[in-house]
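**Q** All chains should be built: construct the whole structure from the sequences, respecting the hints.
Listed in order, the protein sequences are those of chains G and U.
Heads up, the first sequence is in our numbering, so the first residue is 1 and it goes up one at a time.
Heads up, the second sequence is in our numbering, so the first residue is 1001 and it goes up one at a time.
These are calculated hints, taken from the structure and not from any lab test.
Here the structure is a predicted model, which means the values were calculated and not measured.
Errors might be hidden in some of the hints.
Below, in silico cross-link-like pairs of lysine-lysine (DSS-like), each with a Cα-Cα straight-line distance of 27 Å or less [stated by the list, open to error]: (1) Lys23(G) to Lys391(G); (2) Lys369(G) to Lys85(G); (3) Lys1170(U) to Lys169(G); (4) Lys129(G) to Lys143(G); (5) Lys129(G) to Lys1170(U); (6) Lys391(G) to Lys85(G); (7) Lys129(G) to Lys1050(U); (8) Lys369(G) to Lys1170(U); (9) Lys1004(U) to Lys1050(U); (10) Lys85(G) to Lys169(G); (11) Lys379(G) to Lys391(G); (12) Lys369(G) to Lys379(G); (13) Lys1230(U) to Lys362(G); (14) Lys143(G) to Lys85(G); (15) Lys184(G) to Lys169(G).
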Amino acid sequence: MSTRTFKVDYLARVEGEGGLYVKVKGDSVLDVRLNIFEPPRFFEAFLRGRNFREAPDITARICGICPVAYQMSSVHAMEDACGVKVEGPLRALRRLIYCGEWIESHSLHIYMLHAPDFLGYPDAIQMAKDHADVVQRGLRLKKTGNEILSFLGGRAIHPVNVRIGGFYKVPEKRDFEPLVESLKWARDAARETVLWTGRLPFPEFERDYDFVALQHPEEYPFNEGRVVSNRGLNINPRAYEDNFAEVHVPYSTALHSVLKGHGSYLVGPLARYNLNFERLSPLAQETAREASLASTCRNPFQSIVVRSVEVLQACDEALRIVDQYERPDRPFVDVQPRATTGYGCTEAPRGLLYHRYRLDDKGTILDAKIVPPTSQNQKAIEDDLRRFVGKYLSLPQETLGLQCEQAIRNYDPCISCSAHFLKLSLDRQP
Amino acid sequence: MPQKPKVAVWKFASCDGCQLTLLDCEDELLALAGEVEIANFAEASRAIAKGPYDLSLVEGSITTPHDAERIHQIRRASKFLVTIGACATAGGIQALRNFRNVNEFISIVYATPSYIETLSKSTPIAEHVPVDFELRGCPIDKGQLLEVISAFLNGRKPNTPRHSVCIECKRRGVVCVMVAHGTACLGPVTQDGCGVICPGCQRGCYGCFGPKETPNTRSLSGWFGDLGMKEQEIVRVFRTFNAGAEPFRRESEAHEH
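**A** If you want it as structure tokens, here you go:
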């Protein structure tokens, strides 16, 4: 009996460096490995000895695609350590800047990284030759997300205005006017995006995932909430490490996460959507239904529709925040360090992002731990592929290889965060 | 029709933010793709065209033995090689390892250090191969990126300033945060290019565009001392995203006792 191998040496249209290796014998899948060969950068090590106020700007550099997520998880962890809660308009502005990042990051993935798979193009630029208006809409939507980031943060990548306790400077109510115009257009475009992605052809594939996401009593989650799952997990973010473990495997510079007693689990848009559907705005819920997306969705290929629903949610939420905004008297609240440990979990575009810092009484970081979403999803990606390849082994090698890549891109994996990737190898033994 | 110039984008140790800047050119991207062939840009396309390339944009620093080899292949295949961002130009935030023992760092992060292959230092591209131009910033500025691409494809020198953030603050009438509020600011020794966004939101510049030409870091450190900053704080201020840039490295080491 000979074996068949699929290899993708360098996975394209993902943020980072990685590859995939699949080994098949007859009709059984022997091995699936997601190789992440992004060079390690040791953030948790060099954060030791830094001042706690530096964490938002330093950890932002873990990922240029979702720097706000790192800024948000770090400020929340530090405020948790120091016993401070940021409320009112400052809290709302944090949600607004997160809306900007979701819109930017999701639009990039939907239109430029993922849609070309469904429509059979190598990239969005080639796709634009036949679908110019679609790509233009995606680019403008993405630009609206960046407008929010630049408006509130000073620039789109590694914004400079976020600090522990709030912001360095907050806008006047009247400053929002141009943004409101963009956002109204974006909300309509996001609605069209949901309906458009809803009509894409999806491979038939479902899996009974353990979904994990934040859950807030009223809001669709960004910065706050308990960590919950569809299997009964319901914990304070402080208990994260009691319930999840990181494993170091030889073929990856990204650590794998497991939910203790359960194994692989899924974070990100699909998990948030399934656990928080009723917290979406009425417009987002109604549009999801119109696109034939049920309130429970277990097909990872449909994550592109779910991501679109989240873009719509973010546009809707951003407009609501701007409408209700009253400028606070001070741009930040005072935060004084104390010798303790702080925990923060927020929802990065790709899913749950956990930070934990131990501080001394001067605010020096003694110890840091960061668990990014892509490392949490690595095992779920491998499990998807094992199942997917098993189900579609009769497909020609090239088609199956392409669909495996697409299955990985379902997760919008961001490998610079979790260290990077993609290299696909499919080893077939008949 | 003459062949379009081939542009390639390469990644080393980095956050992807500088190559994302190219995709953030939402208004210009399709026009740019009409003028050049984007021949290798893994973050954006599956289609990879073989070299040689007219212009290679290189993001990230060299931190592994494999990458130290790979950059030579890229240089050989490229007519012009431009580094984009603080990682490729100064070693990036990951160059903080250069001041410590990397094995200690590995064992802090990874349970099985033997699985990890890494170099003891994070170094800029120019320490490995000749570089035609270094574009500064953490991240780079989108306007400057388009200027550099356009300049190289038209055989001219890029028009990017080497003067300080201070000059730009004065030009824009931004109130000096150090003089007016006593906020420590790296503006006097940092190259302009960001649009003075930090002083613009009332915080001090943190030097993400790296040292300007002929920076007087020693004098600035004296002023920081007068503001009440301790030696260790001065070390940290110079030791962030451009910690490996020569003037910042020297200044941080001068305050480490």
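**Q** Against which earlier hints does the structure fall short, listed by number upward?
**A** Of the numbered hints given earlier, those the structure breaks are 5, 6, 8 and 14, listed in rising order.
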